[in-house]
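Undergrad: Based on the sequences and whatever the hints tell you, model everything.
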Amino acid sequence: MRFYEYESKRLFGKHGVPLPTGSKVAHTPQEASAIAAEIAGPVVLKSQVLTGGRMKAGGVLFSDNPAAAAAAAKKILALTINGHTPRGVLVEARAPIAQEYYVGVTWDGVARLPVMICSDMGGIDIEEVAETHPQHIAKRNFSTLLPFSDFMAKELIASLNISGSDLNRLAQITAGLARIFITYGLTLAEINPLAKLADGRFVCLDGHVDMEDDARDSQKAILKELGIDPEEKRQARPPTDFEIKGVAVDAGDHRGVAGNVVEFDGDLGLVIGAGGGSLTLFDAIRKHGGRPANYCEIGGNPSVTKTCELTKLILSKPGVKKIAVMMNVVSNTRVDIVARGVIKGVIESGHKPSEKIAIFRIPGSWETEGFKILKHYGVEYCDRTVSMYEAAGRAVAKMRVG
Amino acid sequence: MALFIAVEVSPAVANDAELVKKLVEVCPVNIFAAGTGGGVQIVEKNLDECTLCELCLDVGAPGSVRVKRLYGDKEVLERRA
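Same order as they appear, the protein sequences are chains B and X.
Residue numbers 1 to 402, in the numbering used here, belong to the letters of the first sequence in order.
Residue numbers 1 to 81, in the numbering used here, belong to the letters of the second sequence in order.
No lab work stands behind these hints: they were computed from the structure.
Fair warning: there could be bad hints in the mix.
As the list claims (entries may be wrong) - Footprint (simulated), chain X over chain B, 3 or more residues, beta carbon under 8 Å:
hint, stretch
1, 92 to 101
2, 341 to 347
3, 364 to 374
Quick caveat, the model's predicted, so the values are computed rather than measured.
Beta carbons: idealized from backbone N, C-alpha and C, even for Gly.
TA: Below, the structure is given as C-alpha cells:
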C-alpha cells in the first residue's frame, strides 16, 4: 500500500527525519495561503497524488508569498494527474540546496534480506544512477532481526567518501530509515532527494513509502495516527467496473479465491493461480506473443459456483475470444472442482467448452477426476509433463488458429 | 441445472425425518435440506458442488443414497452391503 507524500513525511518526521519548515497539507487555497504565511518565505506546493509525473503535469508549483500560494494551490487542486485527483496540496518552505542525496530501503529478492541503498546523486531515479554512475551508489543488506546500527550506516556512507558532520547527519537519517522500514512492515522507504541545504542542514524533500498489504492489520495504530482509513484501498489507478465485479465474485463466497482481477486490453482471458505460478504464466503468455485480457487469480479451492461466476465474468468482457485455465501443480485446490466451475461458466455464457477453453493445465489434487470431466466436454487439457511455459504456448497458438 | 452430479435418495430415507436430519448434517455443501413435510429436499443449485466425499452414502441402508456422476464413465457411488 502506497502512502501519499505527506503521509510518508509524517511517518519520517515522527522518527526524527528532518522535514522542510511547514510541510502541511492544504485542502483549499485559503489553507495554502495560511501555511505559506506561517512559513513566511518562498514555498513549494505539491499535488498529493499516488502517481508519478507531477512536475511535468504542473502539479508542483513555487510561490513567494501567501497570495501567490493560494493561486498556485487553486490550480493544483483542480488538476487531475494520470487520472488521479489530488488528496490535497503539500505546502513546504523552499530553501537553497547545496547537494542532493538518496537513501532508500527495500527488499533484495536475491539475498532475501532488506537492502539499504545510499547515493550522493539524489534527485533522479536511483535506477538511472545505478546504470550511469554505479560508483556513486553504496548498498548493504541487513538483518531483519538485528537493528541497523548507526555504525553500519556510517560504514555505508563513508564508502561514498562522505566524512565529517555530513557523515554523522546522514548516518543518523539512514539508520532511522532502516528502523522505520522494519518497524512498520514496509516494502519501500525512500527519501529522494535528501537535500543538504546551503546552511548545512539536511531535509527530506520528497519521500516514498510502501507498506506490505499483509502488514495492515498489525499496523493499525500507525495507520490511524496518519489518518489512513483501514478500509482504504491504494491502487495505481481506480479499479475498473470489471475489476469491481471480480471483487464482488470473490466476496460472494468465502471458499477459495476467484476474482482477484486486473483488467488489460487483450483477447485471452486468464484463469491462473498457484502463487508465483500465476505471474510465471502471465509472463509466458506475453513471451509467446499472446495478449492477456486480464490477470485473474484462482486458488485455495474455490467452489464450483464461484469459479463459474468468475468464468462468466471473464467471458463477458468485450474482446475475449478464449480463456486459458492454468496453474502450477496444486495440492490445495481440487482440479475437478475447478474444471466443473469453468465448464459450467462457459456453458452458462452460451458457449461450447471445447471452443472457448484454449487450454486447461491444472495438475494436482483429483486431477484424474478433473481430466474425466474435461475429456467429456472435449476440452484440451494437459498434465504436469507439459510445462507451464509450453501450456501457455499452446494457448497462444490456439488463439492464432481461431 | 446440475451438469455434473445427480443424487437419488430411496423413499425409506427420504421420508424418515431422523435420517433426513442426518443427511442435512453430513453434507458439507448443503445438497440436502429438510422439506416442509419432513421429507428430504434435494437442493438442485448445490448439486455440482458435491465433493464426492461419500458421507451421505452411509446414512440409511446400503444403496439407499446414490450419487451419480454425469460425465466420464458415469460411475454411481453407493454404499455396498
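Undergrad: If a hint holds in the structure, say so; if it doesn't, say that too.
TA: We went through each hint and held it up to the structure:
Under the rule that three or more residues need a Cβ within less than 8 Å of chain X, the assignment of the stretch 92 to 101 of chain B is violated, with 0 such residues. Only residues whose C-beta sits within less than 8 Å of a C-beta in chain X count toward coverage, and the stretch 341 to 347 of chain B has 3 of them, enough to reach three; the restraint holds. Residues of the stretch 364 to 374 of chain B lying with their CB closer than 8 Å to a CB of chain X number 3, which satisfies the three-residue condition for coverage.
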